[in-house]
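Just need the whole structure built from these sequences, with the hints factored in.
These protein sequences, in sequence, are chains A and B. Using our numbering, the first residue of the first sequence is number 2, and each one after it goes up by one. Using our numbering, the first residue of the second sequence is number 1002, and each one after it goes up by one.
Rather than coming from a laboratory, the hints here were simulated on the basis of the structure. Check each hint, because a few of them may be wrong.
Stated by the list, open to error - Now the stretches of chain B that chain A is said to cover, found in silico as 3 or more residues with beta-carbon under 8 Å:
hint, segment
1, 1009-1022
2, 1289-1301
What the hints assert, rightly or not - Going by beta-carbon spacing under 8 Å, a handful of chain B positions derived as facing chain A:
hint, residue
3, M1002
4, I1006
5, Q1086
6, N1305
7, L1394
8, P1398
9, L1402
In this text, a Cβ means the ideal position worked out from N, Cα and C, and glycines have one as well.
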Amino acid sequence: MIKVTDIHKTYDDGKVQVHALRGVDVEIKEGEFTAIVGPSGSGKTTLLNVIGGLDTPTLGSVSISGTDIANLSENELIDFRLNHIGFVFQSYNLIPVLTAKENVEFLMLLQKRDEAERNERITKLLKAVGLEDQINKKPNEMSGGQQQRVAVARALASKPDFVLADEPTANLDSKSTANLLDIMLKLNEEENITFVFSTHDQRVIDRAKRVITVEDGKILSDVTK
Amino acid sequence: MIFKIAFKNIWRNKLRSWTVIIAIALGIFGGLAVISTATGLSDMRQRNAIKTYVSHVQIHDSNYLKYSGLKDLIASEEKVMSYIQESDQVEGVSARLRIESFIQSAGGTSGVVLNGIDPEAEKQVTNIAEMLQEGNYLADFKRKPPILISKKLSTKLNAKIKTTIQCSFTDINGQPATGVFKVVDIFTTSNSMYDEMNAFVRLEDLQSISRLYGSHEIALTLKDEELVEQYREELMAKFPGLHIASWRGIAPGLGYADKMMDLVMTIFLVIIMLALAFGIVNTMLMAVLERKKELGMLISVGMNKRKVFWMIVWESIFLALIAGPLGIVTSYLAIQFFGKYGIDLSFAAAGLRSVGLESIIYPTIDSYYYIVISVLVIITAILSCIYPALKALKLNPSETLRTA
Chain A
2 MIKVTDIHKT YDDGKVQVHA LRGVDVEIKE GEFTAIVGPS GSGKTTLLNV IGGLDTPTLG
62 SVSISGTDIA NLSENELIDF RLNHIGFVFQ SYNLIPVLTA KENVEFLMLL QKRDEAERNE
122 RITKLLKAVG LEDQINKKPN EMSGGQQQRV AVARALASKP DFVLADEPTA NLDSKSTANL
182 LDIMLKLNEE ENITFVFSTH DQRVIDRAKR VITVEDGKIL SDVTK
Chain B
1002 MIFKIAFKNI WRNKLRSWTV IIAIALGIFG GLAVISTATG LSDMRQRNAI KTYVSHVQIH
1062 DSNYLKYSGL KDLIASEEKV MSYIQESDQV EGVSARLRIE SFIQSAGGTS GVVLNGIDPE
1122 AEKQVTNIAE MLQEGNYLAD FKRKPPILIS KKLSTKLNAK IKTTIQCSFT DINGQPATGV
1182 FKVVDIFTTS NSMYDEMNAF VRLEDLQSIS RLYGSHEIAL TLKDEELVEQ YREELMAKFP
1242 GLHIASWRGI APGLGYADKM MDLVMTIFLV IIMLALAFGI VNTMLMAVLE RKKELGMLIS
1302 VGMNKRKVFW MIVWESIFLA LIAGPLGIVT SYLAIQFFGK YGIDLSFAAA GLRSVGLESI
1362 IYPTIDSYYY IVISVLVIIT AILSCIYPAL KALKLNPSET LRTA
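What follows is the structure, encoded as structure tokens:
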């Protein structure tokens, strides 16, 4: 489903060149629960951004569900992200003025899905993340763990091919982390949803089914448990 | 959804949004206040000038205005007067004999135009009779013929009511002529320059002293001001040998003042709109920069840049749509209130009188301006958010998520 071939990414601010990725090859299949791990500055977030079409590689190709995203225009890429990729960010990044329900609904509105489908999916997803009783709360009325669960529901709302989560537990306490991982694993196992994380959180690494270790912009190891 | 988010976004920072809303409302209020006050001033100046000394239409002999010659009396005056008096459109008509004179009292001297008038006829045309200290409109006098002088002239001549004054001029034969008058009352109009230059005596008194049996000027007012030009043309067709002018021709300064006022108002409006635009640019730019991470997230998850652009534009439009009615209602109420009770500028009364204005100004405005200002403000609001919105479009989602 995701095929990354010989990816290089170099940041150049005119003074200094930073080689964030130096020839990465990865293939992720449907239904995987994969953690990309490594220390800060190792290139794991860059790899995740390149897979998610948020960053373009300097060299190499990224194919998602058969589409080479390097060939897409900026607007096509945005549409592609909307319809194929779900995102969960480290600091939740919900829309602060919208309720949990509206945050989940947002992407479906962008996709122009009809109201009945939206409502059905909102109920299903918020129930799946255990927030069916919090639907009218705004992000500032929820805990960090709850907000991140809304973010997971939002990421799944658009029926993406896979979910990319950039350090999703970095701001969560142990209980919330365990809770979130339980939910994501359940979704992975019961509904075959593909999750790809970047993380250096051992709690996540321990429960990941595949761990790709990145260091200095290269894959150091790739272990399937 | 875009509307909903945009509307909710403007209340994220209530203080800032209200600051912008109040700024826009003040912009509208300022624009309308300036226009209504300027229009009120202009109307007052025009109304005062017409009512005090210009009237709607004036008729002279063709040579009179060029040379101010004593002999340039209006030919066939009776015919002209009876034609005018028979018209249904005419409110009042007054024939005047005007002689430039040297006026002196025991206390001082001055140059003045003596206006010989029929008091009753003049009352229908100008409002001098309403501006007297004691209400003696050339009616109550003994032996010496009466004269009305202005407060300003009385100060200059050190003359009071009952003071005898002497007016010297040349008669029809070029010989010196002198008239001795007694001040029976003192008037004050809203135009101090006019006051200083004019005095009123009875027509028959001035005719007998000057031996000029006729009039230099016929002034008339119409019932409907809108018909001035039409009636003037009618008179011109009827009496082609005479010089017939409407108030616009007699006092072109009034028209120029209107045009100048229009220009000043336009400049003022441009300044207000520019101030407003910079205020909105600043606020929306802050709103965009403050939300870089969120905007980056929206683009990341699939909101295309066109929608992001319109979301920011709609935020600005919503601000303008809230501020617009607020500014208009406030302005309307203020204009209605001050239009009824006036703005008291007594502290500047002397300065205002020197340019023909009263010290209480009654703002007035065409309802059309409410629409013009509202549209201008909304256009300004939209135009000024374009730069911040374009700035938002340049955001790189991965960068904003990483750095913001």
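**Report entry** Unsatisfied constraints (hint numbers, rising)
**Finding:** Numbers 5, 7, in rising order.
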